[in-house]
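K.L.:
Spelled out from the first residue to the last, the chains are:
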Amino acid sequence: MASYDHQIPPGGLGKITLKVKIHQGHFTKAARVKTNDPKLPHFVLRLSGEIIPFIKVSSPRIRLRGFCSDTLSKTVKLEALDGSMFNISKVESTLPEFKWSVNPQKDSKNYQFKFQIKSDVPKNVRGKITIFTDHPHKNSLVIYVYAYFRPRVKLKPKRVYWKDFKQEALQRTVYLVIKKPDNNIQIKKLIYPEKLFKVSWEKINAKQAYKIKVVPIINQFPSGSFNYRLKVITDPPLPYPLEVTLSGIAKP
Amino acid sequence: MSFMKWKWLFCLLYLYIGCVSAFSSQPQLVCPSLTHDFGKVWEGTPLVHSFILKNTGDAPLIIQSVKPG
Numbered sequence: 622m623a624s625y626d627h628q629i630p631p632g633g634l635g636k637i638t639l640k641v642k643i644h645q646g647h648f649t650k651a652a653r654v655k656t657n658d659p660k661l662p663h664f665v666l667r668l669s670g671e672i673i674p675f676i677k678v679s680s681p682r683i684r685l686r687g688f689c690s691d692t693l694s695k696t697v698k699l700e701a702l703d704g705s706m707f708n709i710s711k712v713e714s715t716l717p718e719f720k721w722s723v724n725p726q727k728d729s730k731n732y733q734f735k736f737q738i739k740s741d742v743p744k745n746v747r748g749k750i751t752i753f754t755d756h757p758h759k760n761s762l763v764i765y766v767y768a769y770f771r772p773r774v775k776l777k778p779k780r781v782y783w784k785d786f787k788q789e790a791l792q793r794t795v796y797l798v799i800k801k802p803d804n805n806i807q808i809k810k811l812i813y814p815e816k817l818f819k820v821s822w823e824k825i826n827a828k829q830a831y832k833i834k835v836v837p838i839i840n841q842f843p844s845g846s847f848n849y850r851l852k853v854i855t856d857p858p859l860p861y862p863l864e865v866t867l868s869g870i871a872k873p
Numbered sequence: 169m170s171f172m173k174w175k176w177l178f179c180l181l182y183l184y185i186g187c188v189s190a191f192s193s194q195p196q197l198v199c200p201s202l203t204h205d206f207g208k209v210w211e212g213t214p215l216v217h218s219f220i221l222k223n224t225g226d227a228p229l230i231i232q233s234v235k236p237g
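So the sequence lines, in the order shown, correspond to chains A and B.
Heads up: the first sequence begins at 622 in this note's numbering, then just goes up one per residue.
Heads up: the second sequence begins at 169 in this note's numbering, then just goes up one per residue.
Pulled out of the complex, with its shape left as it was, chain B reads as follows:
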């Protein structure tokens, strides 16, 4: 094979690996509940709740920001 053919094959392989890794390695967020109702509570009761998140993907899940509003 000539040098040019090798060069083309190498480029295609590089693209293939790149695509496969890009599509297969992703974070996936699963949050069982997006809402929480405290119900009726007396004034002065601390209103704190933790939402549990699961990453079912195969790349780290990054929480970039949590903003009120």
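Isolated chain A, as found in the complex:
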């Protein structure tokens, strides 16, 4: 934000006042000034400095990545840079299955704040942790968390399509890929319209994967577009559905 004297009379003094808002760290801010002085029609004013936080958070933005059903955790160091003692009074978070613990270090000026999150379904998580303190100048700290829970098992592709029923190219292949190798997951059952499709599967041992072959039974299809689902039931069962869309156009 800038405020300034628009006109300075000959021999007179004027001022340009700049105001900046910075939350943390080193900063440099500039402002471009335009005047009617033919020798100095424009110039740049610069402000710089360093903002010291009352409580330093070692990682204010955290990225976590892991498999779903696993617990993802992180430890963050909180340090009162002004030497004040403080206590953590409350912690709030929007993250799934959020748990936290805290270990004070030496005097109550430093803490190891540990948290963990978990999700049984594959998803991207964006959330924040708000730590409330009784520090005289800093009553809350915010940590932003981005987490990705990868699926342990997934189907590739998620959709198979038949443009037309040509006898020589009827088979489609879907792979069930086991992403987490220590997982002993097996196909228990496949649910699909059995009158319309022939489905078989085999295990690819070298790749921790299953190959699912899908062939439509042409003479059973009424002409026109179709859209069905192939559901994979595993052993042990997964907390999220494994499905492939079977779609296309059946021509008479």
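Hints are computed from structural coordinates only; laboratory data are not their basis.
Owing to the predicted nature of the structure, the values given are computational and were not obtained by experimental measurement.
Careful: at least some of the hints might be erroneous.
[What the hints assert, rightly or not] Simulated pairs of lysine to any residue, SDA-like, Cα-Cα distance not exceeding 20 Å: (1) K636/A with L215/B; (2) K642/A with G212/B; (3) K695/A with K744/A; (4) K834/A with T866/A; (5) K655/A with R667/A; (6) K640/A with W174/B; (7) K660/A with S201/B; (8) K744/A with I799/A; (9) K640/A with S193/B; (10) K655/A with I220/B; (11) K235/B with K834/A.
Using the hints provided, position chain B relative to the given structure of chain A.
P.N.:
Here is chain B on its own, set in the frame of chain A:
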């Protein structure tokens, strides 16, 4: 002197006055410092600074705009 000569003299005088006034009457900006370092400051401290400008010319100095960036 004929009318034409007077006319020429008048034009030259007009040009001379115009040039002299244009070159002599100008604003001149003097700014002792174009940068300011706040140093290390605690968070929440208001970050406000005024840069002092002096007009040492003989025409008004106009600040047309101050834009961040």
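K.L.:
None of the hints should be skipped; say for each whether it holds.
P.N.:
Quick rundown of the hints versus the structure:
1. Simply put, K636/A and L215/B have alpha-carbon atoms about 16 Å apart, close enough for the 20 Å limit, and the pair holds.
2. Restraint check for K642/A and G212/B: satisfied, since their Cα atoms lie roughly 9 Å apart, inside the 20 Å limit.
3. For the proposed pair K695/A and K744/A, the alpha carbon gap of about 19 Å is at most 20 Å, so the pair holds.
4. For the suggested pair K834/A and T866/A, the alpha carbons sit about 14 Å apart, so the restraint of at most 20 Å is met.
5. Simply put, K655/A and R667/A have alpha-carbon atoms about 15 Å apart, close enough for the 20 Å limit, and the pair holds.
6. With a CA separation close to 60 Å, the supplied pair K640/A and W174/B exceeds the 20 Å bound.
7. Note on K660/A and S201/B: the hinted pairing holds, with a Cα-Cα distance of about 17 Å set against a maximum of 20 Å.
8. Between the alpha carbons of K744/A and I799/A the distance comes to roughly 17 Å, so the proposed pair stays at or under 20 Å and holds.
9. With a C-alpha separation of about 34 Å, the suggested pair K640/A and S193/B falls outside the 20 Å cut-off, and the hint is violated.
10. Annotation: proposed proximity of K655/A to I220/B holds, straight-line Cα distance about 15 Å (limit 20 Å).
11. About 65 Å separates the Cα atoms of K235/B and K834/A, which puts this hinted pair outside 20 Å; it is violated.
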